[in-house]
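Novice: Each chain, written out:
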Amino acid sequence: MWDQLLNGLVIGNLYALTAIGITQIYGVAGVVNFAHGSVYMVGAYIGWMAIAWLHWPLVPAILLVLAGSAAIGLLVERAAVRPFARAGSTILLLTTIAAGLIMDNAAQIIWGPQTQALRSPLPQWQFKLGGGTVSFLDLFILAAGVGTALLLHLFLYRSRAGWAVRATAQDREAALQMGVDVNRVSSLSFAMAGAFAGLSGLLVGLYFNNIYPTMGASATLKGTTAALLGGLGNVPGAILGAYVLGITEAFSVEWLGSSFRNLMAIVLLIGVLIFRPNGLISARRALNPEPTAGTFIPHGRPLRFPRWLLPAVTVSAMALPLFLSNPYPLQVLAIAWVFGLMAVSLNLISGTTGQISLGHAGFVTLGAYASAILTSRLGLPFSLSLLVSPFLAAAIGVLLCYPALRLRGQYLAITTMGLGEAISLIALNWEGVTQGPLGISNIQPPGFFGYPIVSPAGMYLLAFAVLLIGVWVVHRLSRSHLGRALRAMREDEVAARAFGIGLARYKSIAFGVSAFFAAAAGVLLAHSYSYIAPDTFTFALSIQVLTMIILGGRDNAVGAVAGAVILIALPESIRFLGEFRFILYGLLLIGMLRFRPYGLFNSAT
Amino acid sequence: MSARVRFFSRIRSVSLASVVFTLLLTSCGISGTSTTPSDSAAQEAKSPVVIGVSGPLTGDNAEYGKQWRKGIDLALKEINANGGVKGRKLEYVFEDTQSDPKQTPAVAQKFVADSKIAAVIGDFSSPASMAASPIYQRAGLVQLGITNSHPDFTNTGDYIWSNTSNQKDDAPYLAALAVQKLNKKRLAVLYLNTDWGKTTTELFVGKAKELGAEVVVQEGYLSNEKDFRPILTKARDANPDALILISYYNDGALIAQQRDAVGLDTTVVAIGSVYSPQFIKLGGEAVEGVYTATRFYPGDPRPEVQRFVQAYQKEHNEDPDSFSAVAYDGVRILAQVMEQYGTDRKAIRDGLGSIKDLDTVLYGKASFGPDRRLQNPRFLPLVVQNGRFELWNP
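In the order they appear, the protein sequences are chains A and B. Numbering-wise (my numbering), the first sequence opens with residue 1 and increments by one. Numbering-wise (my numbering), the second sequence opens with residue 1 and increments by one.
No lab work stands behind these hints: they were computed from the structure. You may find that some hints are simply not true.
[Said to hold, decoys possible] With a straight-line Cα cutoff of 20 Å, these simulated DMTMM-like cross-link-like pairs (lysine to aspartate or glutamate) come out:
no., chain 1, residue 1, chain 2, residue 2
1, B, Lys-185, B, Asp-237
2, B, Lys-226, A, Asp-138
3, B, Lys-168, B, Asp-152
4, B, Lys-70, B, Glu-315
5, B, Lys-207, B, Asp-237
6, B, Lys-46, B, Asp-344
7, B, Lys-70, A, Asp-138
8, B, Lys-66, A, Asp-138
9, B, Lys-70, B, Glu-304
10, B, Lys-226, A, Glu-579
11, B, Lys-77, B, Glu-390
12, A, Lys-128, B, Asp-265
13, B, Lys-356, B, Glu-339
14, B, Lys-181, B, Glu-390
15, B, Lys-281, B, Asp-319
16, A, Lys-128, B, Glu-318
17, A, Lys-128, B, Asp-260
With the hints as constraints, model all of the structure from the sequences given.
Specialist: Now the structure itself:
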């Protein structure tokens, strides 16, 4: 009992270190920086090189890490943030993802993909507390976390530069008018955030004696959860959130089992946010104005093309299997159509309604599992399941999301990420129904009236047909009264409410329709893969679908499909690059956004 | 924005878009035209035989794909030095899939459409591999899974084969090692909660109970887990006399290290997947005295193993691990089948079923059984001593 409490505190200590960094960047830069985890990883590798290769003692190694990762932070700012600063903070989500992708892949090439041991040069001294131990490193991490938090606090509240940083975070335009050099402030914030990320990467690497190129992702997930629990931008809150998270996890391992650990962390997050939408420690009861709420992708210049082009492209896409005998491009495009369907459905939430959702994979998983279970257990034919499963998935999806719908902006985004993850964790743990980690195999191929559709051309046409239905329904919806209500919520929630739009109700309609088509995509994939497991549709998929609509342009079905085609076909078309493939992918992503920062196709409003 | 700037940005965006679309089109175009089968037999006789490899070279599982490649490179070098397959050179195309089920079907179609590909090796994880299996099965192209232990993997059809065991031999052997040879009666089993870990654990626990041991803790952990203190505390409180790890080497090393922090100092017995130089590199002193049983061990005195290990060390300057060994075996199995039965796709499938006494590193002389997996694996008990895996002779 006490031992588990101690375990919770020890791991909470590590979460706190990451959470402080994340909460600080949010406070000073107002963006959730998706490259944070990659800078964290690079910091760990810089420290590893200093300690394992150069045999430096810890303190100079830490200084090198601080300098090196601050430089990386600056580089990220110059390449992926500053050129897009005027285009709003959502585009930064995408450009920082791309920057992170480039760094992760470069790290795999430079240092190799395997895990490296990072032995702590600190004394191996430890003392016993009950049945557990606390080591010198644990205390060192605690001191580092609290120490840097204090330093940052002093900087922000006691220095002129800190003043400028705070002013810029509050209102960039106003700060600019008051003579603050906002570009320098932005550089400074990212350098500091980078230094902090690198330090936490090094210390967490030392704790686990273990670093690897993709280590950033899971660490920042925990850090973000802790920061959100405490309230974004609030340092004492982040520390408290981290310990609460650690202790909850330790006890859920004790009482429920280790597989429930992350599920309980998500339940904790949602439970806290329902009662305290701004986190555990929040000064104001009112919701803060969120930089992303309402300004999801500012308006840009729509791409004009002749009226006949769209029907022409559609017809030629439909006729493509007649001319193309090679199944490879057909398969790539068939997958692109299914992802196009996911993107179109996500667009209803994120483009039209302006709510960032990072949990779309959850809906896809729901649809896939519903159909796999209905067809293999209850013997439902595919044609019926394609209709029934999405309804089922949408109903469950809305029920799960409903408590989260009163959250806004980043809080909603992170919570949907948690929900998406929760759905696959339920699939993992509910073995009686889902067969747990074994997944469901031998799912029948799609087919109608006893005729299976197995040829690449058949799959292609089926996916394209379902995509067209999805586009048509979403298009009709967004042209209707409903679409106007959803757009009103996006532009101004308060004003929308004043006009009698029930926010939670309309958001659940948007989520419901969106979940329906995402689930339909899941049904198609489950039957064409023939095997699904809890890790078939991952968080990476949610991010990728979001990337598609940001690239394609907000609130625009054509853009969403184009985004899907580009992002699915691009990595296929640059296969000849081998390991460098995803570096070029990231560069091209940033390049495309550099020229169309509001997305390739964006709708005129 | 001035009209001039706007004009230029428009030009740039148009040109950028055209660059991207050209890339997309050329890729489809190239692969669309390059697949015309060569009907002239004379030409075919000179052209190389190609094996398609579908696996992770980037992403979370990249390190396993890299190990595969080292094993495959060595196998091909040896085969081609001995005249190749039926007088033709043997080559491979490694397509990176990140072990992602959205990319493996596309790669499968690419291989299927390419008449030069005689057979396919891969993919790594179950979701990625099994999403591609129906495509290989329908097209009649052999998919040889080299790391696929999922019990349903080979059930998709008669073109789906595997040279890895589905754990029905590994897990019971480990149970016998722990219960009979080490005489442990109260076992705490921690397993990686994936299809592999779950299957292995069930087989292990079944056998251990049959041999009279008691399983006091049986806990799965998530694949991205790093913090094992809570689960180890739980195991410690159940008072076991042995800790059983159904883990890969990365998480196995983490568990072994964190054991000390909660004061759990029982014997550790781990499944053969921990066998890797990485396990010792990452675990250090904490993995001293860990018992395991593997199908592959470089110190194995069998001549085929010694020959492989020496060749591998010469080629790559390091010891092979089990991932490079299965990949090496996979290529050599296909080469032996093609040499005897021909390089036609169907002939390879038939050959896999009829060939007897294949030369393999992991199994010695081996044949495929009715479940399309290699039969009768052999195991060696090992223990970590002084920072090395050593043969253990009880």
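Novice: Checking against the hints above, which ones are violated?
Specialist: Hints 5, 7, 8, 10, 11 and 16 contradicted; others consistent.
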